[in-house]
Amino acid sequence: MASTISSPLALIAELTHRCPLHCVYCSNPLELQSRAEELTAETWSRVFQEAADAGVLQADFTGGEPLTRTDIIDLVRAARGAGLYVNLITSGLPLDEAKLAALVEAGLDHFQLSFQGAREEIANEISGTRSHEQKLRVLQWLKRHRIAVTLNFVVHRRNIDQLEEMLAIAESSCATRVEFANVQYYGWAFANRENLLPTRDQLDHSLEFLKRAQERLQGKLRIEFVVPDYYAKYPKPCMGGWGRKLMLVTPSGEALPCHAAKVIPGLVFENVKDRSVREIWKHSAAFQKFRGESWMQEPCRTCDRREQDFGGCRCQALLLAGDAAATDPVCSLAPLRPKVDAILAGMNAAPPAQLFVKPAWLYRPNPT
Amino acid sequence: MALDLNSLPRLAPGCRLGENNQQRVLLMPERALRLLGPSLEIIERCDGRHTVQQIIADLQRIYSKAEPQKVEQDILGYLALLQKERALDFGS
Chain A
1 MASTISSPLA LIAELTHRCP LHCVYCSNPL ELQSRAEELT AETWSRVFQE
51 AADAGVLQAD FTGGEPLTRT DIIDLVRAAR GAGLYVNLIT SGLPLDEAKL
101 AALVEAGLDH FQLSFQGARE EIANEISGTR SHEQKLRVLQ WLKRHRIAVT
151 LNFVVHRRNI DQLEEMLAIA ESSCATRVEF ANVQYYGWAF ANRENLLPTR
201 DQLDHSLEFL KRAQERLQGK LRIEFVVPDY YAKYPKPCMG GWGRKLMLVT
251 PSGEALPCHA AKVIPGLVFE NVKDRSVREI WKHSAAFQKF RGESWMQEPC
301 RTCDRREQDF GGCRCQALLL AGDAAATDPV CSLAPLRPKV DAILAGMNAA
351 PPAQLFVKPA WLYRPNPT
Chain B
1 MALDLNSLPR LAPGCRLGEN NQQRVLLMPE RALRLLGPSL EIIERCDGRH
51 TVQQIIADLQ RIYSKAEPQK VEQDILGYLA LLQKERALDF GS
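Residue numbers (the numbering used here), protein chains in the order written: chain A, 1 to 368; chain B, 1 to 92.
Fair warning: there could be bad hints in the mix.
Distance windows between CB atoms, simulated [said to hold, decoys possible]:
{"id": "1", "chain 1": "A", "residue 1": "T368", "chain 2": "B", "residue 2": "S92", "range": "52 to 58 Å"}
{"id": "2", "chain 1": "A", "residue 1": "E165", "chain 2": "B", "residue 2": "R49", "range": "35 to 41 Å"}
{"id": "3", "chain 1": "A", "residue 1": "T368", "chain 2": "B", "residue 2": "R34", "range": "42 to 48 Å"}
Please keep in mind that the hints were generated in silico from the structure rather than gathered at the bench.
From the three backbone atoms N, C-alpha and C, an ideal C-beta is built for every residue, glycine too.
Start from the sequences, fold in the hints, and give me the full structure.
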């Protein structure tokens, strides 16, 4: 029978950091890149071809908001023309029916639409814009096209109690997949963490609901969910392992093993303007840095799980332990797990009056 | 959810065949599957024009040396996996 490639070998094309939304959970780096630095469509076209030649199967168009690129249709056409499966990860703004039709015609395979909540008020609070109504319109237009559709609901303390309503939106749409993605803490999410982490009760309740829903909808709607890893026992196999499955290219052309990698000091990132995708993947010092096992500390170095989760996330280790080579502190076996436990304990002990009031958010700005 | 042997499987929207390094692959939103031998024969018949029963019969004929029951079980298992992934629609 077929052997499974466990996740597609993908190129994450971070086309721009411009975005009409200002989501408080955004995982973009705090230092956003300007429009002036963005790669041209011509350069991206070459990168797509190099990626395909190097064995990449899928291009994930993301940002910021990829639809803010006025050449987005050319970009879709170029990626599809290079033989890649084209995935658009978008807020649904700016978009109208004609542009959606043009994207599909240009070869778009998969449309992943984000949602910030089930209701206008919370969605607009989290995104800092009036965007919810537009997303519902996009859902209607999508019914008329033959592409894969996934809805991605970003979940946290402020909206985790609306799961049932969110699922209802998904069920009434043409989506075949829905992701309930609990916020992971990088970039702006890290800055707003105290106001985003769900309580243990909220999380337990949500997992019960989602497991039942998965069973009920099996074969009709594929439901996926990710627990915030602060609450997990073991860390996530971040990106499928550093430099193992995925390459991200920033708006200015830097090749990164993941979207947060620039938080790690001492790494030098190469640029696709200067070197081919294949060369960077094989030889870039930044990609080599955490490949294999020689960089691992204990307990990872001798742990039975090291080939499953690779010691977790390097960027999270940097953010929480101050050391990118440390065991990801969310791991129950990590020396620094008590630090994560303390964060959760403090939060879960806070009075409801404090936890459930509308916070003073740090909103993500739009770079020039 | 048991598969209807008379239903007509077809690749769902956004799921398609591709090729990379001379290998046929099935491309889907979050996964790709390498297609070799039996799996390729199955996917090629997921065109909305072959019933599940016909696919089983075809493969039993092609793989005549294999145990027919095993072929049937493998095919049903594979189709169920793809249905769970939402990579297949089953028409009537």
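Status of each hint after checking the structure:
1. T368/A to S92/B: 52 to 58 Å: Cβ of T368/A to Cβ of S92/B: about 55 Å, so the range 52 to 58 Å holds.
2. E165/A to R49/B: 35 to 41 Å: The hinted range 35 to 41 Å holds for E165/A and R49/B, with Cβ atoms some 40 Å apart.
3. T368/A to R34/B: 42 to 48 Å: Given range 42 to 48 Å: holds, Cβ gap about 45 Å.
In this structure, every one of the numbered hints holds.
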